[in-house]
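Engineer: Chains as they are written, first to last, in this note's numbering: chain A, 1 to 206; chain B, 1 to 335; chain C, 1 to 927.
Note that these hints are calculated values from the structure, not bench results.
It cannot be assumed that every hint is accurate.
To be verified - Straight-line alpha carbon distances no greater than 27 Å define the calculated DSSO-like cross-link-like pairs of lysine-lysine that follow:
#, chain 1, residue 1, chain 2, residue 2
1, C, 608, C, 508
2, A, 165, B, 92
3, C, 522, C, 546
4, B, 96, C, 579
5, C, 680, C, 726
6, C, 432, C, 508
7, C, 53, C, 432
8, C, 73, A, 165
9, B, 50, A, 165
10, C, 428, C, 608
11, A, 120, C, 608
What you are looking at is a predicted structure, and each value in this text was computed from that prediction instead of being measured.
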Amino acid sequence: MIDQGMDSGHSRRAFIKGVIAAGATVSASAYMFRTTILGQNSGSLPGSVERLITLDVNGQQRRVDVLKQETLATTLRYKLGLTGTKLGCDRSECGACTVLIDDIPHYACSVLTHSVRGRKVQTVEGLAAPDGTLSPVQQAVYDGQGFQCAFCMTGFIMATTGFLKTNPNPTRAELAHGISGNLCRCADYNKIVDCMMNAASLSRGA
Amino acid sequence: MPVIRDVMPAFELFQPTSIADTLGLLDRHENSWIMAGGLDSFDWLKDRIKRPEVVIDLGGVAELRGIREADGGVEIGANTTLTEVAGHPVVKDKFKLLAEAAGIVASPQIRNQGSLGGNVAQDTRCHYYRAGWPCYRAGGNICYADTPTAVNREHAILEADRCVAVSPSDTAPALIALDAQMVVRNGDGERVIPARDFFIGPWLDITRMTMLERGDLLVSIRIPGTFAGKPHYFEKVRDRQVWDFPLVNVASTMPTNGNTIEDARIVIGGVAARPLRLVAVEDAIRGRARNEETANLAAEIATQGAAPLRHNAYKIPLMQNLVKRAIRGEGQWTS
Amino acid sequence: MAQTPQPPAPGTPGTPAPGTPAPGTAPAPGTSAQALGTPPPPAQVFPPVDPSKFKLIGQNYQTQDLMAKVTGKARYAEDYRAEGMLFCKLMLSPRPHARILSIDASRALAMPGVHAVLTADDLPAPPPPAGPPPAAGSVPSAAAAGGVAPTAPQQQAANAQRAANAPAAGPGAVGAPGTPPSAAAVPPAQQTPQTPPIPGEFALAKEAMYEGEPILAVAADSEELAAAAIEAIRVTFAPLDFVIDPLDGLRPGGPNGRTEGNVFVGGEVKTIKWTAAQFDELAAGRFPQDAEHGDLTSWGNVEQGFKEADLIVEHIHYQQSTVHQPLETRSAMAYWQNGKLYLHGSTQSVARTVAAVAGWVGIPQKDVVIISEYTGGGFGSKIPGAQTMAIPALLSKKLNGRPVMMRITREEETYIGRTRPGFQAWAKMGFKKDGRVTAVDTFIIEDSGPYRRQGDNAQAANLSTLLYTAPNARFRGLSVATNTPPRTSQRAPGGLQSAILFEPLVNKAAKQLGLDQVEIRKINAPVNGSTFGLNPPAQANRPRPKITSSYLKEALDRGAALFNWEERKQRNGQRIGTKVTGVAVSQSTFTAGSTGVDGLFVIKPDGKMYIHQGIGNLGTHSVIDTARVIAEVLEFPWEQCVVVWGNTSQGVAWSSIQAGSQTTHAHTRANYAAAMAGKKTLQELAAAEMGGNADAYRVGGSGVSGPGGSLTWAQAAERAIARGGKFDGHEVPADLNAMTKASAAALAGLGVMGVARDGYPRDGQTYGFVAGFAEVEVDVETGVYRVVDYVGVADVGTVVNPRSLAAQIFGGAIQGMSHVRSQKMVYDTHYGVAIGKRMYQNKPPTILDQSVDMKWEAVNIPDPGNPVVGAKGIGEPGIGVGGAVVLCALANAIGDDLLKRTPVQPEHIVTALREGRVTYEPLTAYI
């Protein structure tokens with residue numbers, strides 16, 4: 001019943017949707033955001049990193065052209081089409097950009113993309129099974145109608161997913177500590193903890 | 001004073017895999033920047049205040065990571081994450097003080113990425129200095145935080161010398177209280193600096209927070225067995241229970257014999273440019289009973305010479321109370 | 001943990017308000033039903049609403065947008081991409097107040113990949129002044145009328161949240177006739193029609209009024225390049241005087257925040273300076289009673305009220321300004337196609353943003369398409385979107401429609417993302433021995449920011465007359481112009497500050513009178529039909545408005561039981577080690593509903609019902625919750641309902657603003673009206689198709705059935721299309737708002753249409769109430785304190801969505817608590833610039849800063865002012881109580897009169913306890 005299709009006959013909108021879909025599978029095409037002559041470092045210093053790298057994102061190998069100063073959040077959002085990772089502060093304070101790197105929660109706004117070469121990156125888009133079955137954490141949030149505006153939601157889902165790997169059976173207080181690196185400005189913290197305690201229980205059962 | 005922020009200027013990026021290579025890069029590139037966890041670095045870069053030509057990412061240097069037991073103590077690689085430090089069984093068992101301090105830094109994600117070396121070597125959080133104002137610490141000739149209208153709630157009450165910025169680290173006071181030693185390498189070799197001498201005040205160099213100079217690399221931190229398993233106390237007073245710097249923090253170790261204080265290290269953060277080891281207090285309480293009378297005596301001595309600014313006089317009673325609590329060994333929040 | 005809401009207590013049914021039942025669809029004044037050729041509908045009598053009879057309303061469920069949210073597919077403004085999309089960055093003013101003399105962008109424009117620079121000169125001219133600026137209690141006409149003339153859209157936001165209860169000014173206004181607007185909200189000066197308008201705020205400034213105000217924008221191939229280009233632009237400034245702390249603007253010889261003066265009085269800027277003697281008085285800790293004010297309103301005789309009092313309590317109190325800080329910044333992306341602007345933005349109110357954007361961009365509303373499917377919070381800061389939406393729109397226009405993305409950073413959001421005004425206030429209350437309030441007197445200096453009077457101070461005083469049913473009250477106010485970020489309504493504007501200003505006085509009075517804290521609140525609590533408000537001197541005896549309902553006493557009783565008040569209040573002041581406990585009760589109120597908007601749905605041949613909502617999707621779930629009313633009335637399977645929202649090109653119903661807690665009330669009514677209209681259409685369709693009397697056909701389940709047979713929903717849709725006319729939306733009611741009419745026209749012929757305007761009666765103004773109980777634990781050595789428990793009980797009429805209601809009760813309370821605990825803005829007043837722009841510096845609440853085991857209940861007694869569903873809004877009423885209850889609990893733990901300012905930081909407690917008195921600077925702002 002989700003009304004995602006807002007493009008009733010507007011060709012431009014349909015095109016934008018097409019672009020989003022393409023962004024999820026094509027990275028190093030001519031269609032590249034934020035590429036610029038600036039930061040290309042023409043005359044790269046010997047021994048410095050190569051811009052064209054392969055990333056392991058949600059189990060897929062993705063070739064992508066990355067600026068030296070580029071953060072993982074930017075690469076995910078603007079080059080790989082993975083916009084489920086949100087930028088709330090870009091300063092490692094709010095947690096909206098939380099992703100898992102080798103199963104550990106990190107603020108993607110404060111990780112250089114070049115530093116995750118050879119590491120496993122998981123975003124919210126990589127949680128559900130290919131058939132659409134939600135991960136236990138997603139399912140628990142869905143069941144509990146968790147969150148309000150939900151801009152922070154994907155970050156909380158990733159932080160919880162990571163935390164439960166280290167503590168599968170937390171108390172409410174332990175859970176709150178474990179996901180305390182994420183801010184919810186709607187302050188829906190009670191319901192978040194309700195949902196995530198249920199997530200812990202679903203994860204254990206899964 | 002913003003014109004534009006939050007877009008990092010371009011830099012050249014190196015990802016060495018050994019300490020030797022790192023030192024070579026530092027030697028070759030004058031305008032270079034060392035990035036460990038990067039959490040302090042990104043602020044400077046995103047604010048476009050620091051503009052290094054070269055950034056050296058230490059993430060690939062395996063030698064800089066890990067915790068090894070040695071001589072009854074431990075040696076911790078400088079780029080070991082705070083989460084690893086806080087959760088390491090030997091650290092938790094022998095040096096719980098450090099585990100507590102590391103475990104209360106900022107937020108889980110920051111502890112997952114931020115390193116022990118980065119936490120001790122981080123720059124001050126003075127909001128004028130961090131905003132890029134041309135103050136003493138930035139090479140200018142004024143302190144914006146020490147004016148009649150300045151907001152200096154978070155600034156120094158002790159050891160101020162032109163600059164009134166404070167040390168924001170939680171782990172630094174713990175390391176000093178544990179008699180840790182900082183292992184530093186550069187092109188000329190290795191030197192070992194006691195933690196209590198590693199952190200410096202403006203009287204020594206107003207533009208640095210530590211003994212580290214250009215070309216230096218903090219490679220590891222050694223904690224001797226001296227205080228392994230001994231009574232300790234750590235507390236951090238802050239506005240928010242996550243992602244906040246200390247208004248004042250205290251770290252102490254206090255071997256006792258019965259109720260008698262045999263020896264003590266009491267270190268206070270957030271009150272001066274460096275974490276202050278309260279040697280006079282330690283001397284005064286050594287051999288005394290661990291009781292309220294001693295606590296009161298210690299508190300009295302602790303803040304002697306304090307010179308508050310317009311908005312930070314509260315740090316005097318707060319520091320005194322934290323010293324008392326360190327001696328009592330109680331009073332911390334449980335959650 | 002969520003509790004199941006209780007059914008209404010026996011004997012307290014939601015009786016419709018006495019008085020004249022208004023016509024079912026009240027036509028607009030001047031466009032009477034007769035004039036349009038239809039007979040006046042018969043007077044309707046509404047049976048009491050019984051929430052237990054509802055099947056969907058009052059039940060938990062999963063909203064239709066939830067799956068997209070949990071999978072990361074939900075797209076917020078910055079998640080859209082388009083071919084050839086450019087990026088823009090803003091240059092922010094480095095100075096607090098300066099005229100821009102010149103801009104040299106030649107070097108920037110010469111950089112390859114830099115495409116355009118936008119300055120204030122590129123913005124459309126302001127619309128011609130259409131009389132006086134709207135009063136702080138009125139709905140600007142463009143907004144209320146369904147949007148025709150986009151006059152001063154920024155003022156729409158300014159006044160919107162307070163507008164919920166004012167008589168609507170547009171066609172079809174259904175405010176109680178003859179009821180004057182709330183007096184405190186309309187200061188006398190604003191009623192002077194000849195006042196010239198104050199130069200207002202634009203997306204880009206020629207005279208920067210605060211540090212961080214956008215001056216220009218650059219569009220380039222990348223953000224990196226745009227940033228470099230901005231650094232290559234040379235701007236010369238002529239610095240002007242500036243004011244940061246409002247008191248500095250009032251000092252003799254002190255600077256003015258605007259070139260025209262230093263205080264906003266109504267729609268004017270005036271210059272008011274206090275005397276040196278008055279400042280001496282202030283320095284001595286006494287509020288100068290002879291100090292000049294800008295606004296004055298009153299009710300009764302405040303002097304007489306204090307004479308009658310057995311106890312008088314007063315205090316000087318400071319409350320900080322705070323940024324709204326939604327987690328999603330106001331990023332926007334725009335492009336043009338076939339002469340139309342497509343704007344992807346973040347807004348609280350989709351339908352209401354069309355007129356605003358049209359005004360900011362300078363184009364007709366018909367050429368604006370707003371796409372805003374998900375909004376990452378607003379809290380009042382995005383009521384009709386954001387003025388900065390004009391920047392990517394106009395850059396794109398310059399570039400022949402090429403898409404431009406404007407990613408607003410957190411620092412930019414902190415500057416431009418709107419701010420709640422701080423207070424430097426004095427308040428005094430008189431009480432009889434039995435606890436009854438005899439008088440309330442206030443003088444509130446409001447930090448109004450650079451552009452206009454915000455009026456939170458008047459609202460704070462106004463609400464005190466409601467919450468304490470004060471028979472005598474006076475408000476004196478000053479709205480001081482400061483060169484700090486622009487103010488606008490933030491969740492419960494004036495309502496939060498009101499609770500924090502007055503509740504500690506009530507708390508103190510109860511102790512001095514030896515009364516129970518719950519009882520003193522109950523004895524003063526408003527009831528159904530209570531009147532309130534303050535009048536300007538010229539209209540001192542003007543009749544005051546009344547409220548539709550208040551079950552605050554019931555909420556206090558329920559809360560006391562749930563919290564175990566009688567037992568726990570004994571713990572006040574108990575000390576264990578260094579920790580002292582404080583236990584308290586508080587309450588707060590705010591507007592909770594408006595009227596006169598539309599509902600629109602179409603049942604299509606696919607058998608599904610498409611409910612077209614103009615409401616924004618900002619997280620309260622009301623965009624989906626209120627749609628369920630239609631399924632409820634038609635007994636239509638909810639699984640077959642599709643809510644259409646977030647894109648004005650798809651046809652949306654004219655909606656209330658999603659602010660002032662209006663939506664739930666307004667749209668349960670509007671959608672009920674649309675459902676009833678649709679039901680009648682379906683019955684008439686069935687009768688026309690199958691014979692018999694329309695009334696004999698039953699609507700529900702699988703379709704329409706009756707004496708002549710039955711039609712499935714799909715069949716009904718097909719027959720309606722075949723018949724046309726009123727059945728498929730080709731004929732619609734004449735009283736619909738303009739936007740709904742246009743939407744209905746676009747959707748006509750697609751199925752059975754139900755469309756109507758809310759014309760149900762409302763006798764009075766709608767207010768919601770929350771009672772809150774809390775326990776805090778204070779460490780007297782460190783000043784650190786924790787909120788270890790909170791219980792909130794809401795009087796918000798019929799419960800629509802229990803889980804969402806709980807989220808509003810808790811989320812509101814926590815925002816209130818954080819106002820008292822930590823949130824703030826820090827400025828260096830000498831340089832006039834912000835020095836605390838990061839979250840660790842302005843300190844929004846984290847998950848560990850209060851209990852995560854809060855409890856809630858709802859009184860769940862239907863509001864007679866909403867005769868069809870009984871629901872009231874909840875967004876605002878519950879925020880003030882969270883802050884007030886923490887402040888009262890702290891006072892009960894460590895003593896009264898030690899805490900004179902918010903936020904209460906550890907140092908305030910440590911130093912006050914050490915000295916036994918306040919040692920910090922009570923009224924200094926921005927520290």
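Engineer: Indicate, hint by hint, whether the structure satisfies it.
Structural biologist: Verification of the hints:
| no. | hint | verdict |
| --- | --- | --- |
| 1 | 608/C <-> 508/C | violated (58 Å) |
| 2 | 165/A <-> 92/B | holds (21 Å) |
| 3 | 522/C <-> 546/C | holds (18 Å) |
| 4 | 96/B <-> 579/C | holds (25 Å) |
| 5 | 680/C <-> 726/C | holds (11 Å) |
| 6 | 432/C <-> 508/C | holds (14 Å) |
| 7 | 53/C <-> 432/C | violated (44 Å) |
| 8 | 73/C <-> 165/A | holds (24 Å) |
| 9 | 50/B <-> 165/A | violated (38 Å) |
| 10 | 428/C <-> 608/C | violated (59 Å) |
| 11 | 120/A <-> 608/C | violated (43 Å) |
Checked against the numbered hints above, the structure violates hints 1, 7, 9, 10, 11; every other hint is satisfied.
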